[in-house]
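S.K.: Each chain is listed here by its residues.
There are 2 protein chains.
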Amino acid sequence: MNFSSKKYKKNFDYSYAIGVYATIELLTHQPSRVIKIYIHRKGEKNKGVLKIQSLCKINNIETEIADGLIENLSSSENCYAVGFFKKYQSELSADDNHVVLDSPSDMGNVGTIMRTMLGFGFIDLAIIRPAVDIFDPKVIRASQGALFQIRSQYFDSFTQYKNLFSRNYYPFMLAGRNMNELALKNPYSLIFGNEGAGLSHEYLKIGTPVKIPQSDKIDSLNLSIAVGIVLYENFKPHR
Amino acid sequence: MNFSSKKYKKNFDYSYAIGVYATIELLTHQPSRVIKIYIHRKGEKNKGVLKIQSLCKINNIETEIADGLIENLSSSENCYAVGFFKKYQSELSADDNHVVLDSPSDMGNVGTIMRTMLGFGFIDLAIIRPAVDIFDPKVIRASQGALFQIRSQYFDSFTQYKNLFSRNYYPFMLAGRNMNELALKNPYSLIFGNEGAGLSHEYLKIGTPVKIPQSDKIDSLNLSIAVGIVLYENFKPHR
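Respectively, the protein sequence lines represent chains S and A. Here the first sequence stands for residues 2 to 240, where the numbers follow our numbering. Here the second sequence stands for residues 2 to 240, where the numbers follow our numbering.
These are calculated hints, taken from the structure and not from any lab test. Just so you know, not all the hints are guaranteed correct.
Since the list gives no way to pick out one identical chain from another, each pair is judged satisfied if it fits inside one copy or across any two copies.
The calculated lysine-lysine pairs, modelled on DSS-like cross-linking and capped at a C-alpha distance of 27 Å, are [claimed, not checked]:
#: 1; residue 1: 139; residue 2: 8
#: 2; residue 1: 88; residue 2: 37
#: 3; residue 1: 48; residue 2: 139
#: 4; residue 1: 87; residue 2: 218
#: 5; residue 1: 87; residue 2: 11
#: 6; residue 1: 58; residue 2: 48
#: 7; residue 1: 237; residue 2: 186
#: 8; residue 1: 43; residue 2: 7
#: 9; residue 1: 58; residue 2: 43
#: 10; residue 1: 212; residue 2: 237
Please take these sequences and the hints and turn them into a complete structure.
M.R.: If you want it as structure tokens, here you go:
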């Protein structure tokens with residue numbers, strides 16, 4: 002199968018990881034989804050590219066040199082690999098703790114959140130629509146390939162999610178208990194709103210509203226920063 | 002004085018804040034730097050624009066309707082104001098705690114870090130060159146105008162900074178003491194490296210290296226997430 006250098010669109014049934022690091026993550030964690038790997042001639046002696054070639058050999062995956070295609074898809078001059086894969090669906094674990102994003106609209110934020118989740122031992126990400134497409138190459142790039150280790154599942158509403166996963170809900174709002182004064186009970190879901198609007202007031206009635214202590218000099222923290230702080234707080238060895 | 006809709010360049014002696022929120026921040030915290038405010042006809046009845054007009058009146062600042070200029074400078078359809086100001090220099094406080102960024106290269110990260118600093122009560126930001134231009138409108142936008150409450154100062158090297166500010170240095174690296182097990186001593190500087198490369202090994206000999214506890218599933222956290230977690234840890238009321 003041959004791919005053109007047409008930029009990704011949401012209705013494609015495939016997507017691609019750009020760059021050596023993300024391509025290695027793809028091959029390591031989702032080898033069965035990979036369709037084909039393209040390599041740039043300039044990178045043939047690059048250590049990461051050698052690792053990609055060895056992973057492709059083990060998994061019987063086709064590789065091809067395609068400088069033009071890579072240059073078209075990547076905005077970076079030193080991109081040595083692009084990995085095409087078939088998009089897939091995951092199901093969240095009912096036992097593990099979840100991160101829930103309600104209507105996230107910034108691809109960079111969602112990718113960064115995936116990378117941060119992995120850094121603090123969270124694997125399950127529920128996304129309430131309307132929301133960004135997690136398979137957009139911009140999300141994959143911001144996640145630095147962490148996407149391939151995350152289980153993500155879309156829901157049409159929080160109610161739909163709630164009917165499937167009964168557990169302790171902690172919506173993060175500007176009102177509520179201070180996060181660091183609260184011991185969360187497993188299994189739980191940490192719920193965050195949209196970058197601009199936050200969570201609607203209806204969430205005040207869902208579970209235990211929590212806030213991150215902060216000064217009154219800003220309206221709110223950036224979404225990915227807020228999620229990072231909350232995941233850190235629930236990962237670090239407590240004193 | 003009239004401005005053209007020429008995009009910002011580093012060598013300009015002025016810059017501009019895009020959007021109502023950032024323009025209000027500019028007018029509130031740096032009124033003496035403001036040169037002129039442009040307003041979009043569509044926003045004439047907008048509450049924020051009315052606030053801008055009242056702040057301009059108080060401070061005797063010129064305003065003008067200029068739809069075309071605003072549409073050219075902003076990528077958003079609903080941008081109602083752009084505030085032009087003269088670039089300025091700040092000096093860091095010798096008594097307060099600092100954030101030090103060594104060679105930051107991502108404008109979004111630097112803006113987000115400024116906003117997060119303000120959220121956790123940090124005002125002083127030292128930047129070691131080479132580094133992004135903090136007055137680039139992209140930084141101002143990511144900071145959501147927090148820039149106008151931050152004191153930032155550039156240095157050509159860490160040595161130059163160190164010679165001016167003698168205090169406790171905490172470089173954040175992948176090795177070192179766990180941050181949450183360490184009581185920082187005032188006044189201190191929290192030092193973070195470049196997005197890609199982190200801090201060089203030389204920092205191991207400078208002060209007390211610290212790390213954020215994290216899983217081994219990722220290489221490192223995103224820079225702005227790492228800074229956010231560290232500032233939060235040093236702001237929140239401890240149990």
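S.K.: Please go over all the hints and tell whether each is borne out by the structure.
M.R.: Here's how the hints hold up against the structure:
no. : hint         : result
1   : 139 with 8   : both (11 Å within a copy, 25 Å between copies)
2   : 88 with 37   : within (13 Å within a copy, 50 Å between copies)
3   : 48 with 139  : within (24 Å within a copy, 35 Å between copies)
4   : 87 with 218  : between (45 Å within a copy, 23 Å between copies)
5   : 87 with 11   : within (13 Å within a copy, 43 Å between copies)
6   : 58 with 48   : within (15 Å within a copy, 62 Å between copies)
7   : 237 with 186 : both (16 Å within a copy, 21 Å between copies)
8   : 43 with 7    : within (22 Å within a copy, 37 Å between copies)
9   : 58 with 43   : within (20 Å within a copy, 59 Å between copies)
10  : 212 with 237 : both (18 Å within a copy, 11 Å between copies)
Checked against the numbered hints given earlier, this structure breaks none of them.
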